[in-house]
Amino acid sequence: MISLRLSLALPAALGFAALAAAGEFAPAIVYDFGGKFDRSFNQSASEGAERFKRDTGIAFREFEITNAAQREQIMAQLAKRGSSIIVAVGFTQASAVEKVARQFPGVKFTIIDAVVDLPNVQSINFREQESSYLCGMAAALVSKTGKIGFVGGMDIPLIRKFALGYVAGARQVHPNIEVIQNMTGTTPAAWGDPTKGAELAKSQFGRGVDVVFHAAGATGIGVMQAAKDAGLLSIGCDSNQDYLHPGSVLTSALKRVDVAVYKAFSDAKSGTWHAGQTVLGLAENGVDYSYDEHNRAVLTPAMKQRLDQARADIISGKLPVPEYRAQ
Amino acid sequence: MSAPAKLPRWAELGLLPAVNLVAALLLSGVIIRLIGESPWAALKLLADGAFGSQEAVGYTLYYATNFIFTGLAVAVAYHAGLFNIGAEGQAYIGGLGTGLVCLWLGAWPFWVVLPLAILAGAVGGAAWAFIPGWLQARRGSHIVITTIMFNFIASAVMTWLLVNILIKPGQQSPESREFAANAFMPGLHTLLGKVGLAFTATPLNLAFLLALAASFLVWLLVWRTRWGYALRVAGQNPAAAVYAGILPPRVTIAAMLLSGALAGSLGLNELMGAQHRILLDFPGGAGFVGIAVALMGRNHPVGIFLAAVLFGALMQGGSQLSFDMPRVNRDMVVVIQGLVILFCGALENVARVPLAALLARLRGEKEAE
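Just so you know, the sequences run in chain order A and B. Residues in the first sequence are numbered from 1 upward in steps of one, following this note's numbering. Residues in the second sequence are numbered from 1001 upward in steps of one, following this note's numbering.
None of these hints come from the bench; they were simulated from the model. One thing to keep in mind: the hints can contain errors.
As the list claims (entries may be wrong) - What the simulated footprint calls covered on chain A by chain B, stretch by stretch (three residues with Cβ under 8 Å from a Cβ of chain B suffice, anywhere in the stretch; the number is not a length):
1. 55-65
2. 91-100
3. 113-126
4. 155-168
5. 186-198
Unchecked claim - Cβ-to-Cβ under 8 Å is the rule here; a few derived chain A residues that face chain B:
6. Ala69
7. Ile74
8. Gln77
9. Ala79
Values in this document were obtained by computation on a predicted structure and should not be read as measured data. All C-beta atoms in this analysis are idealised placements derived from N, C-alpha and C, irrespective of residue type, glycine included.
When you get a sec, could you build the whole thing from the sequences and use the hints?
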């Protein structure tokens, strides 16, 4: 009997919810494969959405993608069910956003890390090379062996962008520094494999590396753990990861996806949201290196001064940072 | 080990899988209860999400299409006594063939592109399966090891190709450009539209019918030809096969070629039918799901079809479930799918013994009357 009543009540309840949502502001966010708890890129996006909810009391819908066909389906469904703005996290969502945004010209879309040129799509990109550059400088300043490491997720343009900035920054400090680079894998599983991340970091340590930077999503958790276990240093990525192992994390290459998501939601609510391309770098506070109570012990004031000088020079254009361009 | 209890055919094919499925769903219900949601509402969302609307059915069958191809691939190898766990890599490389045909010849008429795309997919998948097959037949390298290693080689090759060569210039995502519209596999909604039937637009496409045709051909080949007979004999007893004049190494290679060709056809559905471009990791694990599908479907095309639809339904229904019930997140959906595989695949003999005893008792009572 109970089950029967439930089955009758449920569609009605869902129906009401959908009706109620139609007139109200209903934001939504679609995460990529990494999932919202990757402590890195997607989690940063999730934090932005959560902060919006805390500040405004407005709930949002969210979904974690598990296969390619879902992207289009879920976005279309969100649009159909009255979402006012849909934030798509990650460059892999670009083609789905392009298709669905065309079908639903009245719905606002914000895509992060890709460009979709449509009148109802806002594209937000970051100059990751700028924060990576500063992290490369920090690594070179602190390295005693003259060898630093980089662990990427997959060999894709976005990660090359990080690597290129990192190497350039390190070379600016020590032109002869050796940078050992590894990619974790060739399948998307590479973004969620902490064990392999730790193995790669250990093998780099074995070759003399004493600071390692990761741009590998949840895989980076293993990289940072390995550095902590070996008594060496790591550099975090996307989110501020200094708190994970205080004293062992030199700094983090921040990518303020949270700010971008928060802003997209609140702009859409207040009516100031607009389509088009936005590129966020050091100057716009879209990327940065982290400095807080967790890494104050390892990032000395002298180093910080040097980094801040470079930061100012990059913003003013005096210090050019190489950018990887997908050809 | 004693032989598994004998069941009548109807119970073997219908009752036992149903009992296992119900057991898996019951346990899933307990877990859903534990995380504080109503199991009944969840089951309803799952079923509705998989079959409750045209859109739901479309997506379910679209996923099922991939699983039919990979399930058949695993089954054909299985009949030859080979455990091909490389369907994932064969689908990847086969899809590359299909994708390249669509990229290069997309301007040609569809009815010219289609046979070439089918051929290229089959050749790509078969070529990728040939090497492990040859190594097994001529050098005795175990097929399980080589095929799984070839999965990794395939994904390394594809990542390299997509990042460095096939990528559409000026974008972040390692994807090729979109195929020309001529190379799109027509959606089933357009085909049905032509005969006056309305169907919601979904990724379900002509490849579904091709998968059904492939199922029929596999049945014909394996059970109704001399070649299929040789395949099954070599699989069940290689020594007897030699005595009967069959050359098992040759059968091994031929079976792997066919298996790879079937897996390689996945691109017809996924790339030509749905994504319309070559992208990273498009097989999305279908090669591994194919193993479960083949085992559950008793390596028979009809069983494979039913199992593929079940897994398609779990995939589509599961995605709807986590959409409407956010507390059942995607990891929970994987748990439910895992339980179904566990009960229907690994634990199927657990229910068999009591079921056989029960049926025997019932029959005994009837006879006593």
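Status of each hint after checking the structure:
1. 55-65: With 4 residues in contact (Cβ-Cβ under 8 Å with chain B), the coverage given for the region 55-65 of chain A holds.
2. 91-100: holds (count 4)
3. 113-126: Contact hint for the region 113-126 of chain A vs chain B: holds, 3 residues under 8 Å.
4. 155-168: Coverage by chain B holds here, the residue count being 4 at a Cβ distance below 8 Å.
5. 186-198: holds (count 3)
6. Ala69: Holds, because the Cβ-Cβ distance from A/Ala69 to chain B comes to roughly 6 Å (cut-off 8 Å).
7. Ile74: holds, 7 Å
8. Gln77: holds, 7 Å
9. Ala79: Cβ of A/Ala79 sits 13 Å from chain B, so the hint is violated.
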